[in-house]
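Peer 1: Take a look at the letters that make up each chain.
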Amino acid sequence: MAGLRIESGVVRGPAFDIILDGRKLCAYEGESVAAAILASGARILRVTRKRKEPRSLFCGIGICQECRMVIDGRPNMRACQTPARPDMVVKTQHGLGEDDVP
Amino acid sequence: MTSPAQLVIVGGGPAGLAAAIAARQAGLEPVVLDDNEQPGGQIYRQPPRAFAVTDPSSIGKDFLRGRKLFEEAARAGVSVQSGVIVWDAKPGSLCCCQGDRSWTLAYQSLILATGAYERPVPFPGWTLPGVFTSGGAQTLLKAQRVLAGKRVLLAGTGPLNLVVANQLADAGAQVVAVLELAKPGLGELLAMLGGPWELLADGIGYVARLVRRGIPILRGSTIVEARGKEQVTSAVIARVDKDWRPIAGSERTLQVDTVCLGFGLVPSTELSRLLGCEHRYATQLGGAIPVHDEYGETSLPGVFVAGDGAGVAGSLVALEAGRVAGLRAATRLGRMTEKEFLGRAAPSIRRLRGLSRFRAVLDRISCPRPGLFERITPDTVICRCEEVAASDVRAVLDEGATSLIELKARLRSGMGLCQGRICNPTLVELVAQWSGQPVETVRPFSPRPPVKPIPMAALLNPEQAAP
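As they're listed, the protein sequences go chains A and B. Residues 6 to 107 (the working numbering) are what the first sequence spells out, left to right. Residues 299 to 765 (the working numbering) are what the second sequence spells out, left to right.
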């Protein structure tokens, strides 16, 4: 599902790459991590601890905590509330992100 | 600690900003705290500062209404501290956090304008990627200019879905249908005609544009299941009876890649409850709401509530109620006499009375009915954080539990990172229905500080004064 960025109405900030699970992904200044990922057509942001089920953005306003990812080594960061930054390292979170904590 | 602020306002949405403007005009210097990058709340949410807005009208009417309010606030000399999370509230002081810093802020008077969030309504498949709240899809669209998906179904009740359906279609999504649980009767439709022209014109416009586009609005229908493996690929919909119970045999399947759920809003009352303000349960206003007088003052003198956090009623009410609360707080602080207050607040109070009549009709139409919770199957996840299924809840209730606190102790529901915001509204209803109690007597989860996740670093080094 590409082409989800709407080109009318706004001019985005400068483009840059973030690293999502080891792969480069385009983001724009001002975009949230979740928006950059969803705009690429990908949806799974984390996998739950017990049922190992995929989850994605749900409420979009920082309430539900469903979009939490491991961002620059910090687990449980809400992707919908975290602005993307150049070279940010983002990982799909598994469980509570225990495996990604040094 | 430095001397207390005369007035602190939590929330920079319509209610908080209107309160701040009124307080400024009364000679106060309110401290306005907002947890987003920019004020506006959800309804007036702006694209990020790094985006240049080239065509404001394409972003929507509320964007423009928000801009107008920001200009008014700037003229009044209101300044908003953005990115500040208020994570605890006590009589006389608040705990605040910004990034890795935290501090205590003392206040004489407080206005809580904390808003609301979308009512979570579980059914099989509602946790699949591609199932969003309608407000979430709208935020993605209006603030980030990203479409939630391409083939979209909207389900729920109330006007928000009509707005979002149009916005998604404007932006190029294919909207398959809008499912509205309610089937308002002629009497209710006629009663709505007495409402404020601005809202009526908006509502009629949204419906007309959907009709013109050939997007069906299926009244008396809802989603009963979202299907897919890694993400949603289809949705099962059904007709419902007058109590919103799905009618067996009426199911059909729609191929969609996105589902938006808009079942009304739930007020954010964590801070008013931590403070110990008295609350009451009002299903039609979204659940437990702080008891308050006509001017927004709660059971704690000097603590006010305004906007959707005081009981869901929409942005027009929030603007007027915020203004009244701001003036009232100024009166309590000795900035005007009772007589001056009544004079200055009169136009807002008059408008609030008019709006409340219209709102009562909308509330009656969209007030949750018992069938809303009957699509829940044993395997349906109720608490998303701790992955508690309906069958887990049922088992604990079958053993004799009658309260949410017992569910929390046994199942951890409500102990996850969302702190019960997602499961609480459903569990209150399920405990009431399944253990045979009136919903008003079921005690919701108690909020605990920090009411929003904050970094541990912020707690380790509290600062003595506000930055």
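Do not take every clue at face value.
Taking lysine-lysine pairs in the BS3-like style, the calculated list, with each CA pair at most 27 Å apart, reads [as the list claims (entries may be wrong)]: (1) A:K29 - A:K96; (2) B:K481 - A:K57; (3) A:K29 - B:K706.
Computed footprint of chain B on chain A; a stretch qualifies when at least three of its residues, placed anywhere within it, have a C-beta under 8 Å from a C-beta of chain B [what the hints assert, rightly or not]: (4) 28-36; (5) 50-58; (6) 88-100.
Please keep in mind that the hints were generated in silico from the structure rather than gathered at the bench. These numbers were taken from a predicted model, which means no experiment stands behind them. For each residue, glycine too, the CB sits at the ideal point set by N, CA and C.
Peer 1: Check, residue by residue, whether the region 28-36 of chain A contains three or more positions whose beta-carbon lies closer than 8 Å to a beta-carbon of chain B, and give the verdict.
Peer 2: Coverage by chain B holds for the region 28-36 of chain A (4 residues, Cβ < 8 Å).
Peer 1: Between the region 50-58 of chain A and chain B, are there enough contacts, at least three residues with CB-CB distance under 8 Å, for the coverage claim to hold?
Peer 2: Answer holds; 6 residues pass the 8 Å Cβ test.
Peer 1: Taking 27 Å as the top limit, are the C-alpha atoms of B:K481 and A:K57 close enough?
Peer 2: This hinted pair is violated, its Cα atoms lying about 39 Å apart.
Peer 1: Need the status of pair A:K29, B:K706: alpha-carbon distance at most 27 Å?
Peer 2: 41 Å, violated
Peer 1: Using a Cβ cutoff of 8 Å, are there at least 3 residues of the region 88-100 of chain A near chain B, or does the coverage claim fail?
Peer 2: It is violated: at least three residues are needed, and the region 88-100 of chain A offers just 1 whose Cβ sits closer than 8 Å to chain B.
Peer 1: Holds or violated: are the alpha carbons of A:K29 and A:K96 at most 27 Å from each other?
Peer 2: Holds. A:K29 to A:K96 sits at ~12 Å (cutoff 27 Å).
Of the numbered hints given earlier, the model fails hints 2, 3 and 6; all others are met.
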